[in-house]
Structure formats: C-alpha cells, structure tokens
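Construct the complete structure from the given sequences, taking the supplied hints into account.
Going down the list, the protein sequences come from chains A and B. FYI, the numbering for the first sequence is 40 to 210, going by my numbering. FYI, the numbering for the second sequence is 92 to 633, going by my numbering.
Hints in this document: simulated from the structure, not taken from any laboratory. No residue lacks a Cβ here, since even glycine has one placed at the ideal position from N, Cα and C. A portion of the hints provided could be inaccurate.
For each label pair, taking beta carbons as the anchor points, the in silico distance ranges come out as [what the hints assert, rightly or not]:
| no. | chain 1 | residue 1 | chain 2 | residue 2 | range |
| --- | --- | --- | --- | --- | --- |
| 1 | A | Met101 | B | Gly529 | 49 to 57 Å |
| 2 | A | Arg155 | B | Val421 | 37 to 45 Å |
| 3 | A | Arg155 | B | Gly529 | 53 to 61 Å |
| 4 | B | Gly490 | A | Gly97 | 27 to 35 Å |
| 5 | B | Pro554 | A | Arg155 | 21 to 29 Å |
| 6 | A | Gly161 | B | Gly529 | 53 to 61 Å |
| 7 | A | Gly97 | B | Leu488 | 27 to 35 Å |
| 8 | A | Met101 | B | Gly490 | 55 to 63 Å |
| 9 | B | Val421 | A | Glu102 | 39 to 47 Å |
Now for the letters of each chain:
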Amino acid sequence: MKGRILIVDDEDVVRDSLHRMFVDEGFGVRSAASGREGLDGLTPGVFDVALIDIRMPGMDGMELQEHLRQADPEMLVIIMTGYASVETAVQGLKNGAWDYIVKPVDPDELLHLINRAVEHRGARREVVRLRENLQEIFPKTVLVGHSPAMKRVMELVEMVAPTEATVLITG
Amino acid sequence: MRLSLAHKLTLSLFGGAALIFAAFGYLDLRLQRRHLEETVLEAADRISDLIQRGTRYQMMHNDRDAMFQAIRDIGSEPGIRRIRIFNKEGRISFSTDPHETGTVLDKQAEACYACHRRGAPLDRLERPDRARIFEDHGERVLAVIRPIENRPSCSEAECHFHPPDQRVLGVIDAHLTLARVDARQATQRAEITGATALALSLVCGISMLFVWRLVYRPIHDLHGGMRRISRGDLNSRVTVRAPDELGEVAEAFNHMAGDLAAAREELTAWAKTLEQRVEQKAVELERANRLMATSERMASLGRLSATVAHEVNNPLFGILNYARLTRRDVERADPPPAQRERMLEQLQIIERESRRCGELMRNLLMFARQSPRRIEPADLNETIGHAIALIRHRYELSGIVLEQQLAADLAAVPCDANQVQQVVLGLLVNAAEAMPRGGRVQISTSMDEHAGFAGIRVRDDGPGIAGDVLPQVFEPFFTTKQDEHRTGLGLAVARSIVEQHGGAITVQSAAGAGAEFAIRLPLGVALREPEHASTGATGALK
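Okay, here's the thing in structure tokens:
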C-alpha cells in the first residue's frame, strides 16, 4: 500500500471519483461526506494525507483542518477549493495546511502531489523512527559540571570520541 | 405733512423772532404814542395856563369882549380845535365855537367826568386826570380842563361878580387835535413795521443759513447715506463736515458702514467658500457613489463568479477523475466484465455531470439574458388560479392546506401573465419544500389604488428563514437546500421578473415563524428596461 488518504467532500461526484482513483492507484482510502463523518473514529497515525474541501455545509474545511491538526498533528492536510480564492488558501496554509489545490486539478498532478505528500510523511516518520532507535542505542547521559576543568574534559572527550582509542579520565 | 428737522428749526426760529420783534415794536409804538400825547397834553395845559394868565387882566376889569377876543386869538392857533369856559353848573359861558355858547354840559359826560364821577375836587386833580382823549369828526382830540380858582383879587374886584366863598369860578376846557400826533405815529408804525420786517428777514435769513450749514446739510448727508446703505450700497460714505456731534455721528456712521461692508464681504466669501465646498463634496460623493456602485457590481459579479466556479468546477473535477479512471481501465487489455460494468457506470456519471454543467450554464444564460415579454392587462386572481392548478396535486400529496384570500375588486394589472405565474408557482413550490411534512400556505391578493399597486402575498408556516441569511435569499446562487441539483437562482429570477414589471418583492421571516413573500405590481404601466432579465423556464425556481 502506497499510503492512506482521508477524503472529505460533500460533493458526491468529487468524493466518489477521488475515492475510486486513489484506490485504483493503490492507496488506502477512506472518504467522508462531512467534517463530522471524517473526524468520527479517527485514530492518530492512520492516515498520511487528508484531502479536504473548503466549502462544505455544517463544519467547513477551515474548522475541520483545525480539528484534524489536534487529532493527528503528523497528518498532512491538503485543502481543495472550488474557486481560486487567495485569501482562503493563504489562511489554510497559515493554519498549517501542507498545500492546496483548485478544483478541477489535473488528476495526474493531484496524484503526483499526493505521492510527494506520502513520501514526505514517510520520510518524517523515518526520521522519527531513527531518532527513537538512536535513543534506544544511546540513552541520554548527562555529565554534571560547569567548572573550566570539567569543560576542558568535555572538549577532550568530544575530540577523542570518534577514535578507537580508550581513554581513562582520572582526577 | 412731515416737516424736516431743518424746517422745524427754521420755523421755530422765525416764529420766535417774529414774536419778539412784534412785541418790541408794539411796546415802542405805545411808548412813542404816550410821549407824543404827553407832549400834546403839556402843550394843552400850557395853553390853558396862558389863557388864564393872559385873560386875568380882562377878567379883573370884567372886560368880557377883550377876554373873549384874546381867547379867540389863542384858539385860532393851529392844532387847537377849540377853547371853552364853563361854570360849575356846566353852562358854557364862552367857546371858540359860537354855537356852543350858552349850552349846558352833561355833568356825567366828557369834561365833567373827571371830578364829578370821582367826587374829587377839581383843583386837586393831577394833570393826567384832567386830560381826556376822545374822537370827534374822525379825529382824535385831547382835551384838558383847568379850574379857574377864586382869589381874593377876584372877589374883591369892583364888579363883585364872584362871591368870596366860591372856590372855583369856572373851568377852562382846551381841545387840541391829535391829528398830527396820529399821523406821525402812523408813519412811525410803518417805519417800525418795515424795520422789524427787515430785521426779521435778516435774522431769519442768517438763521436759515446757519441751520442749512450746521444742521440741514450734515443731516441730509447722513440721511442720504443711510438710504444708500439700506438699499445695499455698503461702499457709500458720508462727508464729515465739522468736528461737532453731527460730525461724530457721520464718522461713526462711516465706521459702521465700513464694518458692515467688511462683514458682508466676509459673509459673501464664506457663502462662496461654502458653496464651493458643498459642490466639491457633492462631486466627491457622486464619485464615491459611482465607485461604490461599481464595487458593488464587481462584488456581486465576484460572488456570482465564485459561485458559478464552485458549481461548475465540482462536476468538472469529477468528470476529469472519472475520465482518467476510465482511460486507465481501457488501457488495461481485455477488461473483465466487472471492470466493463465499472467503466460504463463511470461514463454515465461523466454524462450526467456534463449535463449538470450544461443545465447550470443554460440557467445562468437565461438569468442573464433579456427575454421578450408580452405585457397585457391580466387578472392576477386568474393567473394565481393557474399556478395553483399546477401545484394542487403536489400540495395534496404533501398534506398542505392552501388558503386563498383573493380580493374581489382587483383591477387588471398590466403584466406578462406567464412570468407572474412562474413567480407565484415558484413561491408556492418553495413553500411546499419548506414544509415536507405538510402545513398551511396562505395566498392573498390586494389592491392599493391610492399607491397604484396590486399586491400578492404567499405565506407559509414552515421553519422560516434565519435572520442572518434573510438578506441573501434574493441573491443568485443562494440556496439552503442540500439537493445538489438546485441552482439557487429561483428567488433571484423571481425578483428580476417583478422588478422588470416596476414592482418589488420583499420577504418577512424569522427562524421558526414561517415566511411571507410580498409582491407589489404597479397598476399603471411602469416597465423599466431590465439590467438583467430572466427566463420563462419553470425549472429555474428551485
């Protein structure tokens, strides 16, 4: 599976066509007709990308975006607008959206954007994972001491650290 | 008649001077006359004295002829009218007038009056009391009496004519004419009158000159100045002639006129500035108004574009996606039947969505295009009846009760009946859609002949329209309905139709309190050229 996508749009034709297209391309897809439905039972870390419409009855895209950020901060949000409105796009990006598209966008371009987003999400997940591994291998130790002599010792440790040599510190 | 100050002053001066001069003249004449009369009186007294002394000798010798001759001689002197002698009883013993001799005088009259009336002894009388003036033959005559006193020489005379105990022997009565005195006095009166008149004219002339110079001229100047100023000539000034009170008044007046002119100039300048500023503001306002109208149009156009874009872009987006999916399906060789099924479905969706786009565009074009109208006098009740006939079945199915309150006296309204029917039908459909579980709809017509309008009202008791969206209900593409096939053009088209008829459509509603749409159509033909016209398409009202 390439990645998991959450689609929220009140327009049946948009939601259904995107659902089919992303499934066809090998993504895991869940689609919802409203913000409430989209948020319902959302587990953090499940979806890589959320593709949400701005203009929806009830909870609009902006509000949904805020809820999604709280529910899953790592998920990337791409907003869709039915008409090019710089203000809403800028507002969306300010609120932390990863990108925005104006309907109708070329399906290939959209797939490219989603692929990039999933890769980006994957890379970030990888970084987190590696950082966690590193933490497991080298649990954080803290040297206490702020005196000039102790600082000199720290410098020496740093200089010697990359080498194979064994160092004995006395004092 | 209104007298000017100068005239009054002149007249007063003239009157005063005339009075004084007349009084002095009169006094003068009186004094002169008295002096003259006294002179005459003195002369008369002296004549009497002369007679008494001059005839003494003859008297003593009882020589009457000689005595009478002597008196006659004196009496012939000019100015002496007559001389007579009478005794105590009034008997005239002698007179220069021979007719009188021997006659008796009335004691109560003339000469006797002085003594006999007053009862005073004659010899004690003062001269003025002995004299009298009377008129005789048109002449004034002064007469003076003189008593002839008894003396020892008289009574002791040889003739023994007079007894010694008789005190007064007789009276000499001398009459002197005052003709000359009167003539002189007449002359003097004439002279004095002339002199007085001359002096009076001189005084008057000089007074008039002064009044003219000191009063009339400055006041006339001031008066003229005031009249000029009251006529509006604020630049007019008064000549300051003398450094007196009137001069000060003239100066103050000039000062005031100057201030007035300055004030008026300032006011005029203010008015002009104000006018200019008002004009400027009006121009600015007009410009702002135009800008606002333009921006309103642009905003409206922007909203319209945004809505159209949204309405069109969604199906287009779907079409694109489905088309790509289908293409991908086709690219895969030999699709299994299930996939063929999916391809067919996708193509159907593409077809449907394309049609949706087309429908939307058609509605939009119809909204924007001016459609031809047929304006004819129509019975609104009948038009409404047609609309009701179309919706009756639907109302019955939905359980909606339709109440009609159609005015019986409704005049024919010039309109396009089809379009009005479309509007009414649209409102009835909206009312039905607002109450899917049934309810009550009222439709009524009314007339306001005074205002020249016919009215149609459609009222439902559905959920109503919330206050925040109420102002937008007539805007194109505004809809609260969730059905994706709604264009939100219905009420916009309705308003467009009503406004093209010169009427107005309004809505009154509140959430939970139903909605009432009111249409007013003018009774007179007041069609205006529409900015955007609508269509007769029934489907537009959704």
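Hint by hint, here is what the structure shows:
Under the hint 49 to 57 Å, the C-beta atoms of A/Met101 and B/Gly529, about 38 Å apart, miss the expected range. Distance hint check: the CB atoms of A/Arg155 and B/Val421 are about 27 Å apart, inconsistent with the given range 37 to 45 Å. Range check, A/Arg155 to B/Gly529: Cβ separation about 55 Å, and the 53 to 61 Å hint holds. Our hint of 27 to 35 Å for B/Gly490 and A/Gly97 holds, since their Cβ atoms are close to 29 Å apart.
Between B/Pro554 and A/Arg155 the CB atoms are about 47 Å apart, so this pair departs from the stated range of 21 to 29 Å. Here the CB-CB span from A/Gly161 to B/Gly529 is close to 57 Å, well matched to the stated 53 to 61 Å. Checked against the hint of 27 to 35 Å, the C-beta distance between A/Gly97 and B/Leu488 comes to roughly 30 Å, which is consistent with it. For the pair A/Met101 and B/Gly490, the supplied restraint of 55 to 63 Å is violated, since their beta-carbon distance comes to about 41 Å.
For B/Val421 paired with A/Glu102, a C-beta distance near 40 Å keeps the hint of 39 to 47 Å intact.
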